[in-house]
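Protein chains in written order, with my numbering: chain U, 52 to 523; chain C, 1423 to 1688.
Some clues are possibly wrong.
[Claimed, not checked] 30 Å max Cα-Cα, derived DSSO-like pairs, lysine-lysine:
(1) U:Lys-58 / U:Lys-180
(2) U:Lys-336 / C:Lys-1678
(3) U:Lys-465 / U:Lys-484
(4) U:Lys-336 / C:Lys-1460
For the record, the hints were derived by calculation from the structure and aren't laboratory data.
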Amino acid sequence: MRRSWRKGLGNAFGVLATSGLLLALLALGTMIATTALQAGKLTAMDAMAQAGLALSLRSVDLPGLGFLSYVVAAQVDANSAAAQVGLSQGDVIVAVGGRPVGRPNEVWGAVKARGEGPATIAWIPKPEKLWGRLQAVARPERAGEFCVTLTSIPAGSKAQEAGLQPGDVLISVGDLPVTGTRQAWEAVVAAVRSGLEEVPLEIEREGKRLKLSLHPVQRTEIPFQLDFFGAWWRFLTRIGDPRYPERTGLLSALVGSLLVVGVMALFVFPLGVGAAVYLEEYAPKNWFTEAVQILIANLAGMPSAVVGIFGLEIFARSWGLGRSVFAGGLTLALLILPQTIIATREALRAVPRWVREAAASLGATPWQVVRFHVLPYALPGIFTGFILALARALGEAAPLLLLGAFLYVTFVPKSLMDSFTIVPLQIFDWATKPQDGFSCVAAAAIIVLIITHLALNSLAIFLRNRYQRRWT
Amino acid sequence: MKGKGASLAETTQSFLVENPIFEIRQLSVWYKAQQVLKDVTMDIPEKQVTAIIGPSGCGKSTFLRSLNRMNDLIPGMRAEGQVFFRGLNIYARSVDPVEVRRRIGMVFQVPNPFPKSIFENVAFGLRINGFNGDLKAKVQWALERAALWDEVKHCLHKSAFELSGGQQQRLCIARALAVEPEVLLMDEPCSALDPIATAKIEDLIHELKREVTIVIVTHNMQQAARISDYTAFMFLGEVLEFAPTGLLFTKPKDPKTEAYLAGRFG
């Protein structure tokens, strides 16, 4: 009776544990899958950037047509593939590979769907290229009213093809009355975005109303290279232009993370192992060491934000280290040190007492016992604990956020007193940006972080399995 | 009443030792609040085998470990009284326990080689003691004295854990002998071994006593009778009787000794 009750409880715990494990795996899988899906656009973004284009979202709100968004070439590199086909800054991209596009995400999606090779880009030239400069001219016959007039038509332009001439007054574009120079061009974009290939124009020439039709869309082929490894390599190794997601890079954050964690490791390893050896092998068992142990256990559980505040107040302000790599490393050290001490003590405790006795019975001093026996035998365990602590430090954002580390810096930190950012903060920065594409680079940076973590944890498991001693 | 430096006449020792290597005077040991050894006073003769017998928990091991100050390593252990080693009180303030352990070696109950090679196990004591002669020759010398050389000479760099239990225990003896201690303390060295390995260790003890003083704790009365020259019987932290082995086993003076030897308790 009692037995079966216990057995039932055991089964219940078994079910709980199994479902917990399954849930964890499911969560991890979903996390990685969604992140990978987001980061999948990286290749397409890179292909676009390699063709020389940086994209930006614009929108227009015209009476009768409502709110429309469109993609504008925010930057076109000189001598790039895009520049060679005549694209320049300010041109509007309306379709890629036959797919109409209204925002950068759709452009990259179309490039990705199109695959390798040249893709046809449909674009509307910027006003200067489409119909030259427009001028608002006062109407002598009606006081206070203006009309929009063409001044000079560029040779070979779409306006010339449509038969427009200098001095023509634009009355309406795509059935919308023209009210301004910019609005006239936006009306062209809006008409094309709502599906028109031919935009009807009404003009006034020498007092007569004329109806013309404008074909504003140009079609050119740009060879896109979808280069997966190249895209990642460029993403990881450039500082880039933080304004555009397809041109930004992780280098500065990677170097910042490595430097900060390096400074942390330099402090934590000797201090942590030294403290653990002292507490485990030398310290007398009295109220003072008891108190120190309780303190360490408490520090290990301290919220990382509190550690950040401490770092800000002591390292950054009192010691005058500012928001430097050095201050960041010290702050992280404070967070990781207790954890390292605890892990090291566990590893030291796993060395059986008879080893110490055997060495001592041969006339080894306490230091020789530690130096030649306890420490070497505990080292795999110490390294395992330390690597796991390193992985945690690499993923910590809160303490350094409170320290005042920058969200992005446009240089690679070169000295310990330089400002810095770290990968988690860079992710935080990108993830909170509203523009298309930043969620993708944030996801890519998260994947870098996940891979680093998996690699470090695997290394820890490998070290443990390969070098841990069995005491038989 | 026993004052400081009580004479042997007042103790349980029934004979006079001419050349004592240890003169133990009123040695008491506490573990936290519990007294484990009570006023032990006895002399241990040089280059002889002295066996300590007694029922479980009577303080045999504690007594043995107090002869080279191994008890210092256990927190909560505290000793009072004197142990003179060649006339020097090893519990005096000026004495370094590390130095004591260099001259008084120890072999433990369970074979405890280091997780290193056979060679390194023996060489460790030499290295930390600043030995600067021929390390290989000295390791061979120690292994030969422990009657292990012929079995391991071809595999000196194998892990010590690959040896059998008996071989491991002889390796531990070789490790202790390498630093040429004057005394070898053995804490039930055969209790984890089979009869054949035990016989080998007993033969070894016979060989070694020509050069080294041996104090051996044993749970096995027959073993004490076979290998020792003197035997002390301990009971509840006290040495009840200390006599030449033949005498103790044939004509015990204390009724408790007699009862123990007859197997009425143990």
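How the hints compare with the structure:
About 82 Å separates the Cα atoms of Lys-58 (chain U) and Lys-180 (chain U), which puts this hinted pair outside 30 Å; it is violated. A distance of roughly 40 Å separates the Cα atoms of Lys-336 (chain U) and Lys-1678 (chain C); the hinted pair therefore is violated under the 30 Å criterion. Pair hint Lys-465 (chain U) plus Lys-484 (chain U) holds up; C-alpha atoms about 27 Å apart against a cutoff of 30 Å. Annotation: proposed proximity of Lys-336 (chain U) to Lys-1460 (chain C) holds, straight-line Cα distance about 26 Å (limit 30 Å).
When held up to the earlier numbered hints, the structure conflicts with 1 and 2 and fits the remainder.
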